[in-house]
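Asker: The lines below spell out each chain.
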Amino acid sequence: MDSLKVQSVDTVNPGYNAAKNANTEIKSEITKFQRLKRDKWLYLLLIPGLAYFIIFKYLPMWGIVIAFQDYSPFLGIFGSKWVGFENFIDFFKNPDFFRLLENTFILACLDLIFFFPAPIILALLLNELRLQAYKSVVQTFIYVPHFMSWVIIASITYIFFTTSGGVVNEIVSLIYGKEINFLSAPEWFRPLIMGQIIWKESGWGTVIFLAALASVDKEQYEAAIVDGAGRMRRMWHVTLPAVRSTIVVLLILRLGNFLDTGFQQIFLMSNSLNRSVADVFDTYVYFVGITQGAYSYSTAVGLFKGIVGVVLVLGANKLAKKMGQDGIF
Amino acid sequence: MKKRMKKRLFGKKVAIPAISAALLFSLAACSDSETSSSKSKDGKDSKNEIRIMTTAYTPDPPSDDSPVLKELEKFTNTNITMNWVLDSAYQDKLNITLASGDLPDVMMIPSKIPSFVSAVRDGAFWDLGPYLKDYPNLSKANEITLQNSAIDGKTYGIYRARPLGRLGVTFRSDWLNNVGLETPKTIDDFYNVLKAFTHDDPDGNGKDDTYGMVVSKYNGPWDIMQIWFGAPNKWGEKNGKLEPDFMSDEYMNALKFFKKLYDEKLINEDFAVMDPQKWGDPLMNSQAGVIVDVLDRGRRADEDFKKSNPELTEPIDILGAVEGPKGLRSLPTAGYSGLLAIPKSSVKTEEELKQVLTFLDKVNEEESQKLAYNGIEGRHYEVQDGKLVLLTNNDQALINEFTDLNQFHMGIPEDRFIKPEMTPVREKEQVILKENEKIVVPNPAESFLSEVYAQKGQQLDNIINDARTKFIVGQIDEAGFKDAIKLWRSTGGDDYIKEINDLYKKNKK
Amino acid sequence: MSMPKMHNTPGGRVFDVFNFILMGLIGIIMICPFLYIIAGSFATEAELTRRSFFIFPETFTLDAYKYIFSTDTFTRSILVSIGVTVVGTLVCLFFTFSMAYPLSRKTLMGRSFFMNLIVFSMLFSGGMIPGYIVVKSLGLLDSYWALILPLAINPFNLIIVKTFFQNIPIELEEAAKIDGCSEVGIFWRIMLPLSKPVLATFALFYAVAIWNDFFSALLYITDSAKWPVQVLLQQIIILSQAQLGDAASAGASFVEPPDQSLKLAVVVVATLPILIVYPFLQKHFAKGMLLGSVKG
Numbered sequence: 016m017d018s019l020k021v022q023s024v025d026t027v028n029p030g031y032n033a034a035k036n037a038n039t040e041i042k043s044e045i046t047k048f049q050r051l052k053r054d055k056w057l058y059l060l061l062i063p064g065l066a067y068f069i070i071f072k073y074l075p076m077w078g079i080v081i082a083f084q085d086y087s088p089f090l091g092i093f094g095s096k097w098v099g100f101e102n103f104i105d106f107f108k109n110p111d112f113f114r115l116l117e118n119t120f121i122l123a124c125l126d127l128i129f130f131f132p133a134p135i136i137l138a139l140l141l142n143e144l145r146l147q148a149y150k151s152v153v154q155t156f157i158y159v160p161h162f163m164s165w166v167i168i169a170s171i172t173y174i175f176f177t178t179s180g181g182v183v184n185e186i187v188s189l190i191y192g193k194e195i196n197f198l199s200a201p202e203w204f205r206p207l208i209m210g211q212i213i214w215k216e217s218g219w220g221t222v223i224f225l226a227a228l229a230s231v232d233k234e235q236y237e238a239a240i241v242d243g244a245g246r247m248r249r250m251w252h253v254t255l256p257a258v259r260s261t262i263v264v265l266l267i268l269r270l271g272n273f274l275d276t277g278f279q280q281i282f283l284m285s286n287s288l289n290r291s292v293a294d295v296f297d298t299y300v301y302f303v304g305i306t307q308g309a310y311s312y313s314t315a316v317g318l319f320k321g322i323v324g325v326v327l328v329l330g331a332n333k334l335a336k337k338m339g340q341d342g343i344f
Numbered sequence: 033m034k035k036r037m038k039k040r041l042f043g044k045k046v047a048i049p050a051i052s053a054a055l056l057f058s059l060a061a062c063s064d065s066e067t068s069s070s071k072s073k074d075g076k077d078s079k080n081e082i083r084i085m086t087t088a089y090t091p092d093p094p095s096d097d098s099p100v101l102k103e104l105e106k107f108t109n110t111n112i113t114m115n116w117v118l119d120s121a122y123q124d125k126l127n128i129t130l131a132s133g134d135l136p137d138v139m140m141i142p143s144k145i146p147s148f149v150s151a152v153r154d155g156a157f158w159d160l161g162p163y164l165k166d167y168p169n170l171s172k173a174n175e176i177t178l179q180n181s182a183i184d185g186k187t188y189g190i191y192r193a194r195p196l197g198r199l200g201v202t203f204r205s206d207w208l209n210n211v212g213l214e215t216p217k218t219i220d221d222f223y224n225v226l227k228a229f230t231h232d233d234p235d236g237n238g239k240d241d242t243y244g245m246v247v248s249k250y251n252g253p254w255d256i257m258q259i260w261f262g263a264p265n266k267w268g269e270k271n272g273k274l275e276p277d278f279m280s281d282e283y284m285n286a287l288k289f290f291k292k293l294y295d296e297k298l299i300n301e302d303f304a305v306m307d308p309q310k311w312g313d314p315l316m317n318s319q320a321g322v323i324v325d326v327l328d329r330g331r332r333a334d335e336d337f338k339k340s341n342p343e344l345t346e347p348i349d350i351l352g353a354v355e356g357p358k359g360l361r362s363l364p365t366a367g368y369s370g371l372l373a374i375p376k377s378s379v380k381t382e383e384e385l386k387q388v389l390t391f392l393d394k395v396n397e398e399e400s401q402k403l404a405y406n407g408i409e410g411r412h413y414e415v416q417d418g419k420l421v422l423l424t425n426n427d428q429a430l431i432n433e434f435t436d437l438n439q440f441h442m443g444i445p446e447d448r449f450i451k452p453e454m455t456p457v458r459e460k461e462q463v464i465l466k467e468n469e470k471i472v473v474p475n476p477a478e479s480f481l482s483e484v485y486a487q488k489g490q491q492l493d494n495i496i497n498d499a500r501t502k503f504i505v506g507q508i509d510e511a512g513f514k515d516a517i518k519l520w521r522s523t524g525g526d527d528y529i530k531e532i533n534d535l536y537k538k539n540k541k
Numbered sequence: 389m390s391m392p393k394m395h396n397t398p399g400g401r402v403f404d405v406f407n408f409i410l411m412g413l414i415g416i417i418m419i420c421p422f423l424y425i426i427a428g429s430f431a432t433e434a435e436l437t438r439r440s441f442f443i444f445p446e447t448f449t450l451d452a453y454k455y456i457f458s459t460d461t462f463t464r465s466i467l468v469s470i471g472v473t474v475v476g477t478l479v480c481l482f483f484t485f486s487m488a489y490p491l492s493r494k495t496l497m498g499r500s501f502f503m504n505l506i507v508f509s510m511l512f513s514g515g516m517i518p519g520y521i522v523v524k525s526l527g528l529l530d531s532y533w534a535l536i537l538p539l540a541i542n543p544f545n546l547i548i549v550k551t552f553f554q555n556i557p558i559e560l561e562e563a564a565k566i567d568g569c570s571e572v573g574i575f576w577r578i579m580l581p582l583s584k585p586v587l588a589t590f591a592l593f594y595a596v597a598i599w600n601d602f603f604s605a606l607l608y609i610t611d612s613a614k615w616p617v618q619v620l621l622q623q624i625i626i627l628s629q630a631q632l633g634d635a636a637s638a639g640a641s642f643v644e645p646p647d648q649s650l651k652l653a654v655v656v657v658a659t660l661p662i663l664i665v666y667p668f669l670q671k672h673f674a675k676g677m678l679l680g681s682v683k684g
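Residue numbers (the numbering used here), protein chains in the order written: chain Y, 16 to 344; chain X, 33 to 541; chain E, 389 to 684.
Keep in mind that the hints were calculated from the coordinates and are not lab data. A hint or two may mislead.
Taking lysine-lysine pairs in the DSS-like style, the calculated list, with each CA pair at most 25 Å apart, reads [said to hold, decoys possible]:
#, chain 1, residue 1, chain 2, residue 2
1, E, Lys614, Y, Lys55
2, X, Lys514, Y, Lys193
3, E, Lys565, Y, Lys47
4, X, Lys227, X, Lys297
5, E, Lys524, E, Lys671
6, X, Lys102, X, Lys273
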């Protein structure tokens, strides 16, 4: 338990953490060297992966310094001008910052509340289907939208929701008496974005939970039945716990890119009339940065989002451990 | 079972470290061979070698053994190595190429993006201005377009020419006949046409199922139409100072006209959200009768209509502009699309530069243009009675031998390839392109490079474009639009105005 | 998994019927747009312009597909995609599982350091240009490996696989040790066979990620003969959107937008091969009972 605690007090500095961690390990009966020797094959297994992370993730990491530069590709990192925190100050001082933060934050929260549980619920319900062939067909159907590009989805959304003859609006006007400007009304923007993302990704999201559910023990079900547990209780007490660790890990990882909203989706769904709620960090970076080739600025915003992510991941991980879960570390 | 497992296990046990070692080794080995190969590339100075980086639009651009490219090499006496980049990633690839330092001899620069500008200012590209006069074709480059494409007043790339007056109106000429109207000449006529197309049953089916004009989420049509009303092109001069177009009264007049169109339901009510990919559909479905866009849309629509509705003889007509309070005016394009720039790191000496320029000059010859646009005579086309006859028969492999080769053609001083047979609309298009050139309204700030705009341009444009849309649909009134202008100014617009005016003053001197 | 036969309460039966209908409805809602894409790819241009949504075309035409397969470009790019995806998936699985296993052993020294390293790399990235320079200096430009190696480990997948390994009871491992298995032996002989559903899942994840990736190819592959099919799809989608810009620069390229039916046919051609993978892998998910039975 002691070592667990130490592990959970993570710092951004991994080296420090490892040293501290190693220190506590020495206390155990065998020495460091013995443990290294004992696990030598495990370390060997680690090598390809570590090589990958060093070469493809950490070697390019020097690119982050351009957040503090006025970077120009031709001049390169050594030739570009250093500007210190100017890009960050620009970002935070931008009169729109709080509106962007608000929009991004609200979308991120809605995403956690509505989109994150959707694949879990869907997987649980799928799991309850008794007809095997039927289940397979439904599974295959719901995973298809994942493969469609946002450009096409946006186009289809327009076809369905437009006030000029869209099917949805025709139904709405039958029931409600008048049409609703789903595509332009700011209050409909967020529901629309959530609806799209749930439609596109929740079926795909079930894949991982179905894999986890595959490990649920038949006998446990039988035991539950003997205990007289109904369907709902079995789902709650047997099925759900089986995927709990997966849920926790996915949740923590999701928090890591909490502020990432689907750029393409939002960009395509935003228009002159709903931009007040559709402007988020990602579209902002696009408008002020990437279209103009301003790498420094977008890197700075990315760094900011990363730091927010670190805080959230570490916080969530700690919380998960406090609640008796494994966390990800 | 267990025995087999053990055997397999043994195999894998050795395999893992072996694979990872081999992998690391091969990675190291690769990087060695790469550096040596790039060195040998640097050592090239055989005379007529040229490496061109430009956009590809087809997924199968001409390879080095394309017969057309071979012909072009023969004609220009040059070994051409193409570096095709699909246009979907062109800007990224361009920046990466700039960053990697391994530049081709000729680089297509799609627009004056900041990374190119900063590379130019750092002396990475040749100033071509002093040399152009020595080449028969390049010397005839259009002065205004050269100026528009210049950076800090100097020519760092040869523009790829495009028609200036390419924007106009596409409309259903059979509908016009049905409602008994003439081709509109003035804005009022234009309004009447829209009104008749909406209310007078232009398709004669007895149903009220048509409307005047279709507009999509794309802002272009508004930009084109407001010029008719006398609004300046982006910047207008007022008391010796430049002012953005939307501060002018003419702009407001245009805006009120647009609002009227919307209120009277002469345009599609969902335009603010309409998917631009669906923009042309209502025209093709005979729901809407007018589209304001590039003129080529009219030609395309004409050909498509004739295919799907052969009974229509003259379904589509086009016009350049209608007359407003300041006469006939048309929004021009920049007159060019992309620059061909020559980096100093790959073309090191003046002598080499002259070789490259000789090549680029030669590319403008008729023979080269024909190769790039039409292909090889006898293989891809024939000329019978002065008319172009295609031999490609939609054989995509044959067409792919030359498509996209025009991506490094400049068309200076003019297009010299063989144009396909003229339909009435095509012929009219050519006439209007010429007419429009006389009435285009230049943007006085076209050649200025603004730092503020490079940073915040899109954001600033959004503020105004959004306000325009909101005004049209009635979400804000004139005061609300003024508020948007205030927001624009405080978001960085004031700095932008100041910067542009400083450049304007400097340029005047 | 297949449910054991069990007695059902009336409430349970109502639930079953309800669930059956609900899932069917959801399935239809989710597959419909794709059916439209398929139908549209067989429809004429006129019909696509006139009818906004349909599942059966009035006039059936193969023109778009004839056009696509009139040259070997698409066939070639699909073969490239398949090859890269198959090899890439194997490489990715090797890298991911071999790293996830040691990290799942709680006694491994330095484990927390490694985990920090991995999580950190998810949250910060050096960006496109340094990534390109690394690939370039490895000599991978214009090589299929450039489409595989930079994606070899998805940290997200790695962490989930690690979690799966962690959930395998320790007793199993200890029993194997007593039998004289080495750590690597345990990995190959016990852990991997036990995690078949997990392997199938992540094979799917990696295959889909590699298949759908077009950006790496756009950046790293200049030889058009080596372009995977997603690059072609991306290009045609971008072309059909070409009108987004300001009027002054509109359509500056002179390139005509592609037909809608052609675009839809390309979508079908670029998507169907990878869609087929899932039903094929599905039966392996069901085999996951193995893991459960060991647990009990």
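Asker: Each hint: holds or not?
Answerer: Against the structure, the hints come out as follows:
1. Distance check on the hinted pair: Lys614(E) and Lys55(Y) sit about 41 Å apart at the alpha-carbon level, beyond 25 Å; violated.
2. The hinted pair formed by Lys514(X) and Lys193(Y) fails the criterion: a straight-line CA distance of about 32 Å is larger than 25 Å.
3. For the hint pairing Lys565(E) with Lys47(Y), the CA-to-CA distance comes to about 21 Å; that is within 25 Å, so the pair holds.
4. Pair hint Lys227(X) plus Lys297(X) holds up; C-alpha atoms about 9 Å apart against a cutoff of 25 Å.
5. Our distance criterion of 25 Å between C-alpha atoms is broken by Lys524(E) and Lys671(E), whose separation comes to about 41 Å.
6. Taken as a hint, the Lys102(X) and Lys273(X) pair is broken in the structure, with Cα atoms around 54 Å apart against an allowance of 25 Å.
In this structure, the hints that do not hold are numbers 1, 2, 5 and 6, in rising order.
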